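> If you read the protein sequences in the order shown, they are chains A and B. Numbered per the numbering used here, the first sequence spans residues 1 to 201. Numbered per the numbering used here, the second sequence spans residues 202 to 470.
Treat the hints with care, since some could be wrong.
[What the hints assert, rightly or not] Restraint-style ranges between C-beta atoms, simulated for each label pair:
1. Leu375(B) to Tyr196(A): 36 to 46 Å
2. His33(A) to Arg381(B): 20 to 30 Å
3. Thr427(B) to Asp200(A): 38 to 48 Å
4. Ala433(B) to His33(A): 28 to 38 Å
5. Val233(B) to Arg115(A): 28 to 38 Å
6. Ala113(A) to Glu366(B): 33 to 43 Å
7. Leu199(A) to Pro431(B): 24 to 34 Å
8. Pro210(B) to Ala113(A): 38 to 48 Å
9. Pro263(B) to Lys118(A): 30 to 40 Å
Don't read these hints as lab results, they were simulated from the structure. As the structure is a computational prediction, the values presented were derived from the model and not from experiment. Built from N, CA and C at the ideal position, the CB exists for glycine as well.
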Amino acid sequence: MSEMAKRQAARGLKLSDLLVTVLISVVLGVVYHFWSSVYSLLSPLFFQADELVYGMWFLASTLVFLLIRKPGVALIAEVAAAHVEILFGSEWGIQLVLYSVLQGLGAELVFAAFRYRKFSASVAALAGIGAAIGSIIPDFFYGYVQDYAPWLLTAKYIMRAISSVVICGYFAYGLVKAVEATGVTALLRPVDPKDYAALDK
Amino acid sequence: MNMRRFLTPKVQTWMHRANPASKLVMMLLLFVMTLLTHRLDFIFYQAVLFIVLLFALSGYQPWKVALIILPFVLVFVSSATTMILFGKGDTLWWAWGLLHISEESFYRGIHIGLKAVTFASQGLLFVLTTSSVALFYALMQQMKLPPKYAYSFMASVRLLPMVWEELLVRRNALLIRGLRPPRGLAGLATGAKLYAVPLLSQSIRRAHRVAVAMEAKAFDGSRPRTYFYPTAYSRYDLWIPVLLIIVQALAYTLAMLYPPFGIADVRYH
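Just chain A, with the same shape it has in the complex (with noise of 0.2 Å):
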């Protein structure tokens, strides 16, 4: 029985996985698209508040890892939301695919470190921060930030890093732990080993 364990999981993502990655995302794209609407409904109440709701932008690598827990669904599922925008026809469209990659890679890599084994909030919330991170390399490139008065710069990530952590950590590792009691999580994590040896005995 391990044997077959093993073969399944050289196999990579099944269609299943990636479907229901895609239709996850694609949901939180239609989100992400509305999202905006949001954000610049705080930004009249402080300077830079909209940042304190950047980090729903990243939700998708987070919420979609935690409930599917397989190596490279995060990075596919912030494209996959982010490609939404662009069959939207929205004025971000193009800048996205460079975001969405970026943003994915970084929430896949902190996932990675922890060997794809660590599935708690605070790892979730690392992996926002990872999204974050990536966020802020286009954001060179093309908002020219560097050139903000340092204050503002230093505010600026400051507020996208609590986000990612409240909106992409806790708040998704709060709605998994709901989607888990109903019980179709059990439809897509990968078989334990020690489920087939119990079929053994």
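Once you have looked at the hints, place chain B on chain A.
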């Protein structure tokens, strides 16, 4: 007005006939070039020329293109303001508290705004001339994208209206039971739980069922397969790089001959 009819081009230009996969690659190369443009005059002419291309090659009536690019104003303003107000610069024009408008930060803000507009028109030029299904079929056939990825994306887009329907059903169900989330932040959390959990779990179940059915029909592509929409390269795939090179060269020449701003690099040194 019917949205689908609104978004059907009036004429098919040669841009529509080019291979979507090669068009995507060309657009991404173009994107990198625009991203690394720091010359204000160059980006100005890029923005102008790509908007002209939208009118000329998207195949839509001019009034529709005008309507579609109306939000560009918003894109420009929202991209430019922060840099104008808070950017670094030495030639101070106006200061009030933390706000510092300097000559450098002003032109850098304009540059960012124009760059955003350029990206928006380049992106629209691609989206308005490419159907997403055609793109995925071309990616499978010309770029050897594994079919399981392409079909997951195409199936998910088809499943999206069902999720929307479920959202409406859920809303009505909650309404008829008189369940209303409290106001404020607590309401947001309850609302998320009332909607997100059932929608997520139902989406997972449905996606899983559909995937099992698709695996049974060998959509995961473990064997060589044929395609319902065969795609191929054509001469139009050569025209696109030629067009883009001409446009960029023209923008650069215009920037050199008739610079509206005369600023070679907007970065702070």
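> Now look at each hint and say whether the structure bears it out.
Status of each hint after checking the structure:
no.	hint	in the structure
1	Leu375(B) to Tyr196(A): 36 to 46 Å	42 Å, holds
2	His33(A) to Arg381(B): 20 to 30 Å	26 Å, holds
3	Thr427(B) to Asp200(A): 38 to 48 Å	42 Å, holds
4	Ala433(B) to His33(A): 28 to 38 Å	33 Å, holds
5	Val233(B) to Arg115(A): 28 to 38 Å	33 Å, holds
6	Ala113(A) to Glu366(B): 33 to 43 Å	40 Å, holds
7	Leu199(A) to Pro431(B): 24 to 34 Å	45 Å, violated
8	Pro210(B) to Ala113(A): 38 to 48 Å	47 Å, holds
9	Pro263(B) to Lys118(A): 30 to 40 Å	56 Å, violated
The structure does not agree with the numbered hints 7 and 9 stated previously, though it agrees with the rest.
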